[in-house]
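Generate coordinates for the entire structure from the input sequences, incorporating the hints supplied.
As given, the protein sequences belong to chains A and B, one line each in that order.
Throughout the first sequence, residue numbering follows the working numbering, covering 369 to 823 in sequence.
Throughout the second sequence, residue numbering follows the working numbering, covering 252 to 567 in sequence.
No lab work stands behind these hints: they were computed from the structure.
Bear in mind that the values here come from a model prediction, so they are computed numbers and not experimental data.
All residues carry an ideal CB built from backbone N, CA and C; glycine is no exception.
Among the clues, some could well be false.
[Said to hold, decoys possible] Per the computed footprint, the stretches of chain B lying under chain A, defined by three or more beta-carbons under 8 Å from a beta-carbon of chain A, are:
| hint | stretch |
| --- | --- |
| 1 | 397 to 407 |
| 2 | 530 to 542 |
[As the list claims (entries may be wrong)] No more than 20 Å apart at the CA atoms, straight line, and that leaves these computed lysine to aspartate or glutamate pairs for EDC-like:
| hint | chain 1 | residue 1 | chain 2 | residue 2 |
| --- | --- | --- | --- | --- |
| 3 | A | Lys-417 | A | Glu-392 |
| 4 | B | Lys-548 | A | Glu-448 |
| 5 | A | Lys-422 | A | Glu-448 |
| 6 | A | Lys-417 | A | Glu-431 |
| 7 | A | Lys-414 | B | Asp-300 |
| 8 | B | Lys-548 | A | Asp-564 |
| 9 | B | Lys-348 | B | Glu-303 |
| 10 | B | Lys-533 | A | Asp-564 |
[Unchecked claim] Pulled a few chain B residues facing chain A out of the computed Cβ check, cut under 8 Å:
| hint | residue |
| --- | --- |
| 11 | His-357 |
| 12 | Asp-359 |
| 13 | Pro-361 |
| 14 | Gly-376 |
| 15 | Leu-459 |
| 16 | Thr-461 |
| 17 | Gly-496 |
| 18 | Gln-497 |
| 19 | Ile-500 |
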Amino acid sequence: MFESLTDKLQSVFDKLGRQGKLSENDVNVALREVRLALLEADVNFKVVKDFVEKVKTRAIGVEVMSSLTPAQQVVKIVNEELIELLGKPAPLNLGGQPPAIIMLVGLQGAGKTTMAAKLALHLRKAGQRPLLVAADIYRPAAIQQLQVLGKQIDVPVHSEGTQVPASTIAKNAARLAREKAYNVMILDTAGRLQIDEQMMQELEQVRMVARPSDVLLVVDAMTGQEAVRVAEGFNARVALTGLIMTKIDGDARGGAALSVRQVTGVPIKFLGTGEKLVDLEAFQPDRLAGRILGMGDVLTLIERAQDNITEEDALAMEKKLQDGDFDFEDFLGQLRQIKKLGPITDLLGMIPGANKMMKGVDPREAEGGLKRTEAIINSMTRKERHFPDLLNASRRRRIATGSGTTVQDVNGLIKQFREMQKMMKQLGIMGGGKGGKKRRGGLPGNIKDMFGGFG
Amino acid sequence: MFRRLFGKQDEKTEDEVKLEQSLQKTRSGILGRISTIFQENEITDELWDELEETLIAGDVGMSVTMELVEKTRRRVEQENIKATHDAYVILKQEMVKLLASDEPLHIDEPRILTVVLVVGVNGSGKTTNIGKMAHWYKNRGRKVVLGAADTFRAAAIDQLKVWGERAGVDVIAHEPGADPGAVIYDAIRASQESRKADLLLVDTAGRLQTKFNLMKELEKIKAVASKQVHRAPHEVLLVLDGSTGQNAISQVKSFRESAGVTGIILTKLDGTAKGGAILSIKRELGVPVRFVGTGEKIDDFALFDPVAFVEGLLAE
Ligand SMILES: Nc1nc2c(ncn2[C@@H]2O[C@H](COP(=O)(O)OP(=O)(O)OP(=O)(O)O)[C@@H](O)[C@H]2O)c(=O)[nH]1
Ligand SMILES: [Mg+2]
Numbered sequence: 369m370f371e372s373l374t375d376k377l378q379s380v381f382d383k384l385g386r387q388g389k390l391s392e393n394d395v396n397v398a399l400r401e402v403r404l405a406l407l408e409a410d411v412n413f414k415v416v417k418d419f420v421e422k423v424k425t426r427a428i429g430v431e432v433m434s435s436l437t438p439a440q441q442v443v444k445i446v447n448e449e450l451i452e453l454l455g456k457p458a459p460l461n462l463g464g465q466p467p468a469i470i471m472l473v474g475l476q477g478a479g480k481t482t483m484a485a486k487l488a489l490h491l492r493k494a495g496q497r498p499l500l501v502a503a504d505i506y507r508p509a510a511i512q513q514l515q516v517l518g519k520q521i522d523v524p525v526h527s528e529g530t531q532v533p534a535s536t537i538a539k540n541a542a543r544l545a546r547e548k549a550y551n552v553m554i555l556d557t558a559g560r561l562q563i564d565e566q567m568m569q570e571l572e573q574v575r576m577v578a579r580p581s582d583v584l585l586v587v588d589a590m591t592g593q594e595a596v597r598v599a600e601g602f603n604a605r606v607a608l609t610g611l612i613m614t615k616i617d618g619d620a621r622g623g624a625a626l627s628v629r630q631v632t633g634v635p636i637k638f639l640g641t642g643e644k645l646v647d648l649e650a651f652q653p654d655r656l657a658g659r660i661l662g663m664g665d666v667l668t669l670i671e672r673a674q675d676n677i678t679e680e681d682a683l684a685m686e687k688k689l690q691d692g693d694f695d696f697e698d699f700l701g702q703l704r705q706i707k708k709l710g711p712i713t714d715l716l717g718m719i720p721g722a723n724k725m726m727k728g729v730d731p732r733e734a735e736g737g738l739k740r741t742e743a744i745i746n747s748m749t750r751k752e753r754h755f756p757d758l759l760n761a762s763r764r765r766r767i768a769t770g771s772g773t774t775v776q777d778v779n780g781l782i783k784q785f786r787e788m789q790k791m792m793k794q795l796g797i798m799g800g801g802k803g804g805k806k807r808r809g810g811l812p813g814n815i816k817d818m819f820g821g822f823g
Numbered sequence: 252m253f254r255r256l257f258g259k260q261d262e263k264t265e266d267e268v269k270l271e272q273s274l275q276k277t278r279s280g281i282l283g284r285i286s287t288i289f290q291e292n293e294i295t296d297e298l299w300d301e302l303e304e305t306l307i308a309g310d311v312g313m314s315v316t317m318e319l320v321e322k323t324r325r326r327v328e329q330e331n332i333k334a335t336h337d338a339y340v341i342l343k344q345e346m347v348k349l350l351a352s353d354e355p356l357h358i359d360e361p362r363i364l365t366v367v368l369v370v371g372v373n374g375s376g377k378t379t380n381i382g383k384m385a386h387w388y389k390n391r392g393r394k395v396v397l398g399a400a401d402t403f404r405a406a407a408i409d410q411l412k413v414w415g416e417r418a419g420v421d422v423i424a425h426e427p428g429a430d431p432g433a434v435i436y437d438a439i440r441a442s443q444e445s446r447k448a449d450l451l452l453v454d455t456a457g458r459l460q461t462k463f464n465l466m467k468e469l470e471k472i473k474a475v476a477s478k479q480v481h482r483a484p485h486e487v488l489l490v491l492d493g494s495t496g497q498n499a500i501s502q503v504k505s506f507r508e509s510a511g512v513t514g515i516i517l518t519k520l521d522g523t524a525k526g527g528a529i530l531s532i533k534r535e536l537g538v539p540v541r542f543v544g545t546g547e548k549i550d551d552f553a554l555f556d557p558v559a560f561v562e563g564l565l566a567e
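What follows is the structure, given as structure tokens:
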């Protein structure tokens, strides 16, 4: 799983050509790469420094486990330390006297309003009675934005226009929540710079009046080195209780999470993973660690696969693999399953090294290739799909015409299919023997081959 | 241009003054430390190390940082420079070189209707800066119309309408959820016909550059524009948040590939992050910065000038 950094470290260790214990020199050389990886991920340079020191102390003299290469051993330690630093996931503080008040704070454009609605939806689904409160009286149409979102998820929104101070709105909302038995209230505040004195005072007032059980800093995953000072600034004025990182569905590595976690010491609670209001995930340190180290997001991919591919499908496929009777019908099924997981480009972003592997491959063509492949198989008769040996020259011509492709396309696909069939058979033999817990419904073998027909 | 870096200043334009001031107006960014580094008496190895570290802390990124330090250092040695102040000037010159562009801004060319498409990731400041830009061009005698092609985000259209009112320009909008291509089509028609405008600024929905389908949508939007107006859009401006770290490069790259970005609006420079990531972009991707956003008020907007930017960036 930890390909890219491991590979880099491996080449370093190959040059050193040593095994056994990790020497100080080994570790120093390796940690130079680690430092670079973390800086590229936007982890603050001071945080990187401390981190590297810590890993160094721990790694020197460590016996390389027999099952690991020295590079893997270093990555293992780095990864463990990173997970440790990122901390354990923590739930919202909903315990006290209702209503529990959650206050969202952060820079402009971090994604507070959307996050407010996501949390409300999450809480409503969990059987709570949330109330959204529009306390951003500055940004044009911020109140309307929250109202529209509230309507979408069927959660009421309390607002008092733009002329009433935010703290008054918060106070009135809390009273309303008590009267109407809303047990959680989510306060959306205006985005502000941590150095804007007037605006920070406003935030302090809101907090004083509302006495929130959670003050959550919303941080954009793309934030650079300044994340540290931003977090310090907010923490000093409104005592944060947690962090939320947004826009994690892009390709930003999200190193800012480590920085803000380090300087505030408060837990990361949620991740925002998309524009839809269901796109909210509980924070999981191992995943974020992998991402920060540039290892892709294989777990997310696997999870999506699990969400979208039923156990039955997976079992049926497994049986076919074992029996070695994987045909075009199955191929088509697999293609459709992959399509369900999302646009190819999104998927590729999650596979470590995939972007490199796919270099020179236009994703548009990949997408087009998928369509072409589907069209070709659709133009086959049922019989042909089951018995690809039937596909002689005249049948291939017919299929090409029927699918709007060329005979070359058809030939290419059939050739590819044969190779895959072979590979599947091997996989099937291997997969059949192993006991223990197995990942169901993972993607079969060579994903690149699945895109078919491009080249 | 470089002469200005040696203390002898030409008359500064209003924009340059504004850019410098706004960059300095709040507590300065981390890069402000650089001038302190160069106040030491001697040019030493430690000075270069400290410079390297500070540039990294300013989001400049590893490779450009190394390159900047290397180049400056080499020139200092070759030109036999002894005073730290002179070395500082060399650094600034090298930074300006990374930002300067000869490519003219196509908005200012004489044309019946100029179409500008504004794109970027979610929350970078597109809508706000379109409002400010409308005001800026209106003050310079242009007849401006805004197109509300963000039909996706809740209340995005209302937000743009407020900015239209503030700037005193018309906004062409459809209902939420409408096809953005259709909005552009109508906005161009209206600009040409009833509104008699010569500058159309189009707001688009924020999108992360990894979302393939959303990026494809931008191509479609562009196609609609180019069918109606010769060579439109004449500029495609990417709005980049100044607090963005190394992801800035990926953003510019992807938006250039799918939307043909021709320039950048660098925003939120009133914060403590000063957009250091921008230093790698011109050289690696050839996309120049055109404007800067320096606050949430309608006047917080200026033309980008490399010298003023570097001065502001490094200001104590
Ligand atoms: N401090 C500061 N805030 C800014 C600046 N430009 C925009 N903002 C704020 O950033 C937030 C987001 O700005 P928008 O203009 O809504 O951003 P957008 O890119 O249109 O956002 P979406 O359409 O949601 O993707 C708002 O709160 C703006 O007031 C700037 O130069 N400085
Ligand atoms: Mg917008």
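A quick look at each hint next to the structure:
1. 397 to 407: holds (count 5)
2. 530 to 542: violated (count 0)
3. Lys-417(A) x Glu-392(A): Holds, at roughly 17 Å.
4. Lys-548(B) x Glu-448(A): violated (46 Å)
5. Lys-422(A) x Glu-448(A): holds (12 Å)
6. Lys-417(A) x Glu-431(A): Distance of about 24 Å is beyond 20 Å: violated.
7. Lys-414(A) x Asp-300(B): Given that 20 Å is the threshold and the Cα spacing comes to 14 Å, the pair holds.
8. Lys-548(B) x Asp-564(A): holds (14 Å)
9. Lys-348(B) x Glu-303(B): holds (18 Å)
10. Lys-533(B) x Asp-564(A): violated (31 Å)
11. His-357: violated (27 Å)
12. Asp-359: violated (28 Å)
13. Pro-361: Violated, because the Cβ-Cβ distance from Pro-361(B) to chain A comes to roughly 33 Å (cut-off 8 Å).
14. Gly-376: Where the cut-off is 8 Å and the nearest Cβ of chain A is about 6 Å from Gly-376(B), the hint holds.
15. Leu-459: Nearest chain A Cβ about 4 Å off; hint holds.
16. Thr-461: holds (5 Å)
17. Gly-496: Check passed: Cβ of Gly-496(B) comes within 3 Å of chain A, closer than 8 Å.
18. Gln-497: holds (6 Å)
19. Ile-500: violated (10 Å)
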